[in-house]
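Undergrad: As a plain string of letters, each chain reads:
Number of protein chains: 4
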Amino acid sequence: MAGNSFGQIFKVSTFGESHGKAVGVVVDGCPAGLDIDAAFIQQEMARRRPGQSNIVTQRQEEDAIEILSGVFEGKATGSPIAMMVYNEDARSKDYSHIADKYRPSHADFTYQIKYGLRDYRGGGRSSARETLARVAAGALAKIFLKQNGISVHAYVSQVGHLATEKPYQLLDMQLIEATAVRCPDLEVAEQMIELIKAVRKDGDTIGGIIQGVVQGCPIGLGEPAFDKLHADLAKAVMSINACKGFEFGSGFAGVTMRGSQHNDIFYTEDGKIKTKTNHSGGIQGGISNGMDIHFRVAFKPVATIVPAQFSVNEAGEEVEITGKGRHDPCVLPRAVPIVEAMTALVLADHLLRQRATKMEHKKIYLNLFERCLLRRAKPLYR
Amino acid sequence: MAGNSFGQIFKVSTFGESHGKAVGVVVDGCPAGLDIDAAFIQQEMARRRPGQSNIVTQRQEEDAIEILSGVFEGKATGSPIAMMVYNEDARSKDYSHIADKYRPSHADFTYQIKYGLRDYRGGGRSSARETLARVAAGALAKIFLKQNGISVHAYVSQVGHLATEKPYQLLDMQLIEATAVRCPDLEVAEQMIELIKAVRKDGDTIGGIIQGVVQGCPIGLGEPAFDKLHADLAKAVMSINACKGFEFGSGFAGVTMRGSQHNDIFYTEDGKIKTKTNHSGGIQGGISNGMDIHFRVAFKPVATIVPAQFSVNEAGEEVEITGKGRHDPCVLPRAVPIVEAMTALVLADHLLRQRATKMEHKKIYLNLFERCLLRRAKPLYR
Amino acid sequence: MAGNSFGQIFKVSTFGESHGKAVGVVVDGCPAGLDIDAAFIQQEMARRRPGQSNIVTQRQEEDAIEILSGVFEGKATGSPIAMMVYNEDARSKDYSHIADKYRPSHADFTYQIKYGLRDYRGGGRSSARETLARVAAGALAKIFLKQNGISVHAYVSQVGHLATEKPYQLLDMQLIEATAVRCPDLEVAEQMIELIKAVRKDGDTIGGIIQGVVQGCPIGLGEPAFDKLHADLAKAVMSINACKGFEFGSGFAGVTMRGSQHNDIFYTEDGKIKTKTNHSGGIQGGISNGMDIHFRVAFKPVATIVPAQFSVNEAGEEVEITGKGRHDPCVLPRAVPIVEAMTALVLADHLLRQRATKMEHKKIYLNLFERCLLRRAKPLYR
Amino acid sequence: MAGNSFGQIFKVSTFGESHGKAVGVVVDGCPAGLDIDAAFIQQEMARRRPGQSNIVTQRQEEDAIEILSGVFEGKATGSPIAMMVYNEDARSKDYSHIADKYRPSHADFTYQIKYGLRDYRGGGRSSARETLARVAAGALAKIFLKQNGISVHAYVSQVGHLATEKPYQLLDMQLIEATAVRCPDLEVAEQMIELIKAVRKDGDTIGGIIQGVVQGCPIGLGEPAFDKLHADLAKAVMSINACKGFEFGSGFAGVTMRGSQHNDIFYTEDGKIKTKTNHSGGIQGGISNGMDIHFRVAFKPVATIVPAQFSVNEAGEEVEITGKGRHDPCVLPRAVPIVEAMTALVLADHLLRQRATKMEHKKIYLNLFERCLLRRAKPLYR
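Residue numbers (the numbering used here), protein chains in the order written: chain Z, 1 to 382; chain L, 1 to 382; chain U, 1 to 382; chain B, 1 to 382.
Derived from the structure by calculation, the hints contain no laboratory data. Just so it is clear, CB atoms sit at the ideal spot from N, CA and C, and this is done for glycine as well. Please note that the accuracy of each hint is not assured.
Unchecked claim - Below, simulated SDA-like cross-link-like pairs (lysine to any residue); rule was C-alpha separation at most 25 Å, straight line:
{"hint": "1", "chain 1": "L", "residue 1": "K272", "chain 2": "L", "residue 2": "D292"}
{"hint": "2", "chain 1": "B", "residue 1": "K272", "chain 2": "U", "residue 2": "L117"}
{"hint": "3", "chain 1": "U", "residue 1": "K274", "chain 2": "B", "residue 2": "A308"}
{"hint": "4", "chain 1": "L", "residue 1": "K276", "chain 2": "L", "residue 2": "Q169"}
{"hint": "5", "chain 1": "L", "residue 1": "K276", "chain 2": "Z", "residue 2": "A242"}
{"hint": "6", "chain 1": "B", "residue 1": "K276", "chain 2": "U", "residue 2": "A242"}
{"hint": "7", "chain 1": "U", "residue 1": "K276", "chain 2": "B", "residue 2": "A308"}
{"hint": "8", "chain 1": "U", "residue 1": "K21", "chain 2": "U", "residue 2": "K101"}
{"hint": "9", "chain 1": "U", "residue 1": "K101", "chain 2": "L", "residue 2": "G74"}
{"hint": "10", "chain 1": "Z", "residue 1": "K101", "chain 2": "L", "residue 2": "R258"}
{"hint": "11", "chain 1": "L", "residue 1": "K75", "chain 2": "U", "residue 2": "G116"}
{"hint": "12", "chain 1": "U", "residue 1": "K272", "chain 2": "B", "residue 2": "H97"}
{"hint": "13", "chain 1": "L", "residue 1": "K358", "chain 2": "B", "residue 2": "P218"}
{"hint": "14", "chain 1": "L", "residue 1": "K197", "chain 2": "Z", "residue 2": "R258"}
{"hint": "15", "chain 1": "Z", "residue 1": "K21", "chain 2": "Z", "residue 2": "T57"}
{"hint": "16", "chain 1": "Z", "residue 1": "K146", "chain 2": "Z", "residue 2": "V213"}
{"hint": "17", "chain 1": "Z", "residue 1": "K272", "chain 2": "L", "residue 2": "G316"}
{"hint": "18", "chain 1": "L", "residue 1": "K276", "chain 2": "L", "residue 2": "Q261"}
{"hint": "19", "chain 1": "B", "residue 1": "K358", "chain 2": "L", "residue 2": "A39"}
{"hint": "20", "chain 1": "U", "residue 1": "K197", "chain 2": "B", "residue 2": "T256"}
{"hint": "21", "chain 1": "Z", "residue 1": "K101", "chain 2": "L", "residue 2": "N278"}
{"hint": "22", "chain 1": "U", "residue 1": "K197", "chain 2": "U", "residue 2": "T322"}
{"hint": "23", "chain 1": "U", "residue 1": "K272", "chain 2": "B", "residue 2": "A308"}
{"hint": "24", "chain 1": "Z", "residue 1": "K272", "chain 2": "L", "residue 2": "A99"}
{"hint": "25", "chain 1": "L", "residue 1": "K146", "chain 2": "L", "residue 2": "K358"}
{"hint": "26", "chain 1": "L", "residue 1": "K272", "chain 2": "L", "residue 2": "V213"}
As the list claims (entries may be wrong) - To give an idea of the chain U side of the interface with chain B (calculated C-beta under 7 Å), a few residues:
{"hint": "27", "residue": "N4"}
{"hint": "28", "residue": "E223"}
{"hint": "29", "residue": "F226"}
{"hint": "30", "residue": "A234"}
{"hint": "31", "residue": "M238"}
{"hint": "32", "residue": "E247"}
{"hint": "33", "residue": "G249"}
{"hint": "34", "residue": "G251"}
{"hint": "35", "residue": "S260"}
{"hint": "36", "residue": "I273"}
Chain Z with its partners taken away, still in its complex shape (with noise of 0.2 Å):
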């Protein structure tokens, strides 16, 4: 009820505040025997991390992750999995000036009406570091996933006017980590680094968008009415900080298409049924086709910047507040592997919601070949 879960089978609980004692996550339903790979883990909380390069936040934390429970010789048990991050560069101080004053465009004001009190320090749970436990239980599903032949990658294509034109077809995913930026079109990349320098150096922010395609999902996934696929998805990643709009496929383009233009033609090839287009962003009828999913998400300049400004206090009387704490110029590069977690934690989920839709649970991809010998085998699974 009070919204710190997320997920039905695949669950995943977060807790901690950016200055509390620790941050950390509990996933309930991560299958038993599944690998738990800490080494990956570790790896995807370093492109979430502070202080990660030069176009980030320079707070230092190592962020290394601790698993408490439900592993046992390196394999999920099947009981929860809870893994941690001790707070180590907390400057509380820092915030102190700002225990009675309400940030612009934060949520001070509105945690303090909604509970009556709140811990002002760095945001508190408000604060993006919250973020880290989503990546951690998000490497758990990619590793699910990864076994399942699903791969989920995000990346940075827009950052103020800064655009790529190419399609996510035309780009490497491999080259996502190549700079600092998280934009595999490494020209405009450069330009967009130099973009965020230039922001901060003016003790600024700036927005963009983050593009996300998932490749190798199985048809079938998304529980219409409500849970569809994309109606998930958009909730996903719109509960991440910062982020202010989510479109798939056609998105918010499709508007000015007519049907005839816009319905993706099905055919057949390699004994698969497949669609010529994909406006439909791989979701159809909220339910996976077999097709790319892909989507865009738009993030805001984040709140916090240097230059003064005008605000109220708690008794609502005129203030100026100035940005003393660290943060990022742009959310955008570290904001990459949480959406990643995000739509990974949607499609662990489903993956096994889909498991109990039928009479009798099967392996749902099945070339022809396969489904020849599986009749045959039958007998022995009656």
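Given the structure of chain Z, go ahead and fit chains L, U and B onto it with the hints provided.
TA: The following block gives chains L, U and B in isolation, referenced to the frame of chain Z:
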């Protein structure tokens, strides 16, 4: 788990198919004592029903809603409220020709693979006919919200390339129902209607954008970290058939702004804390801040068109399909009450969820005078 | 949140009041492809319906169930299955005399205070008439379980002081329906019937115990730590009207045993691991162990009696109440199908939940020969 | 779905194994503003911890609880409260001899089959060590309940055949902690202690019964039809390790009564409506009626015993097992705080759920004088 329920406290579960016996909804968690205005519910149904004007589908359904339970002497009793409509004008034979064919950009293919079988008549469960149940439930939510001073409006702001230039603040919400297209900018509305008629003449379809506006929302609704108010709104509207994108506040346009431009500066007016701009769209940190909540929703052109299209059948063989069923040339006018309904459901749910947030639940909005009186009255409440 | 839904995957939501328009249920999560045997569902309804014999209430209801959705050509489609019964013989005027009075040990008082108003006709929502919806849903669950080799039986083992001495293993489940009282120990059954008739003559009521037995349950159902199989069974049957206690396996009697007596010793028979005794009641650590699941449920005497009783009205003034409404002298015979239904719902739900537990979901029960073949067949499943 | 969470609004999720790194809990939904009395939480932990007396297991654990999040300046912030204990005295080598053996009446076998692998050290997740997390969470619930005038007590009423004859009304709850066995009938307590010592000398174990009592519960808690207050209590306590039965009010004994004897007659005292007897156990129609809630819980003798027992190993071969691990001769004394914790969690959850039931949430308990004042004060709240 199967995804036919929505909401945590004010929870709706819908059932029914396009050409089955009935479509309905069970609302569990409607507060006891709510006045059940059956006429208002029916009026909302009329805004969604087919055949309501000459720019929507001509399937004729009265959609007379029957209240089966949960109401006694005109008031909600706190027990589940079941509401139902029997299907009338269901010409199932219209669909026999597509029993084994997959219509492009419909859910035929994905349902068949997901469930192993499907009710092909009119799209079965994937039909937007399911949304009548949402509108009925949404009407209850609207009554509840109205008693809490909250209004919910949606209107068509764009059809194809035709868009109103006026922001919602300059439009009169009372004019939404003035035209069949439900755009309160009457000049643009006329053009939209002409465009839709032209599209229909071609046997084609067209998409568009719906603007949503919530006014009078108290401060404090929304449950971080995952059930942020805008994340739940995103999921709610994205679960509506044909929806492709969601943005709130500055949305996708905000990505090009600097933080110094984008931040909404707080000030005090009439003893209330407000923001000068509203790029936040009334939601900060996932929690309503008392300003208007505003968002935009993209709808694709509906997939059913008259001209012949190529596709495949269940065997994967190429077939030709022509659209015989009655359908909407543009889903936007009928989607307006659905967007309102889903918005109202989210707000009603969060309004009730908010009651559990603090040690003592008090009326959220109190001016200073009321606070004084409350303080004196307090001994009564121990 | 409002508690009218049960189950996680195989989820049922009931609605309706004793004297409202209709009583019904929505089953969301019934696996697609399940054969919907409408005759069997109706047969289960007949076991619960009033007026079925001369030892139950004489309210006459056919309880003809109408299937409204989710079924196509005799099979579940994976969409919600709504089922409904219109109330017929609802003599609401029978109840006008208690509109402002609180009947002793009924829910009149608690509903009035909880909700601030109540539908007093026949107990409204608190009436056991709600359980017809459970029986309809339970019938679906039973069909599903049967296809998985699982049988669910319940029978009356005690009425007042009259109890069968025979353990369930010595009784023939086929004889449960042989008498109106549903005790398969026919000698005791006759005495029970006489007792109930005598109690009815006094205008009084009497309680009793129902024994539940599940056979053929696969190993592995139940989700520690909280959703242990017996914990979910306890909640399921305790939620039935008039239920006062639940015990499984050795139950309350086991408290006087030593561990060395109580422990169930494992041994191998026919390639399967079994236990020599079954004090565990088929459940160890909250998970089914493949042995019979057996439990006992206590029901109090129903509260509606003919003799005058003192009570209070809404103003707190003393009043006299006489039971005019038709009622059961002993709820046990009609509670048998309800206990079976709730048991079946728990098992169906956990059977589906179990599918998500491991990396690969396989048929749980395999003998050694099957395992060998499976190992060879495995390449098919990558 | 995996069953490691409990509660709807006041929701707890536990994690950790007997011999893993840590055991902990995340409480999501604890009302903001609650005073977090860390000393009280630790005191509750001490009542459950091993090694606390000479009639419990001698495993030595301080069980010093660390609060990781959700608390700021001594108060709950409304964010998740994570609490954790690092395991200390975990002699995992004690268990290597049972790595491939199934201990009788333990969860070794069912875990192995359910999950395909298991953490065999001390029972892993199936160990009652998990319950320390429940006690920590329950302590928060107790603080919340106390502020609402609700007290929760449990005590040992029976060990083996030794039972106190006194009803709870004649016992002093302050004496529960007076003896190591937690039976407030001090004479019987001494006999119980002697019995447990004798049982321990035999290397054996013994079961018993715990009585639970809730006082000061407001009228109106419980959510029909499925989440009846006693149904949720039943599930809550039945989910505790070794629990075999639950009854409330008249329980199993009530089945032999006539309705005319069993009905609780209402009367008015001090302006409050009460019942003369309390066979209902404080709950009618699944909703609290303001009288004491009382129930009894059966615990089996724990399965770990010293004498050699026969069993099977994973290959199904007969093996001999001897109990080397430290264990409790009788689980009852340490189960008392666990029963209290689970009871408190149910009540705290329902107290918050009740806030959403009506159009306007008001303090539930008002005497006539308060009602009058409230009516005059009402204009303040519109």
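Undergrad: So, against the hints stated earlier in the document, which numbers end up violated here?
TA: none
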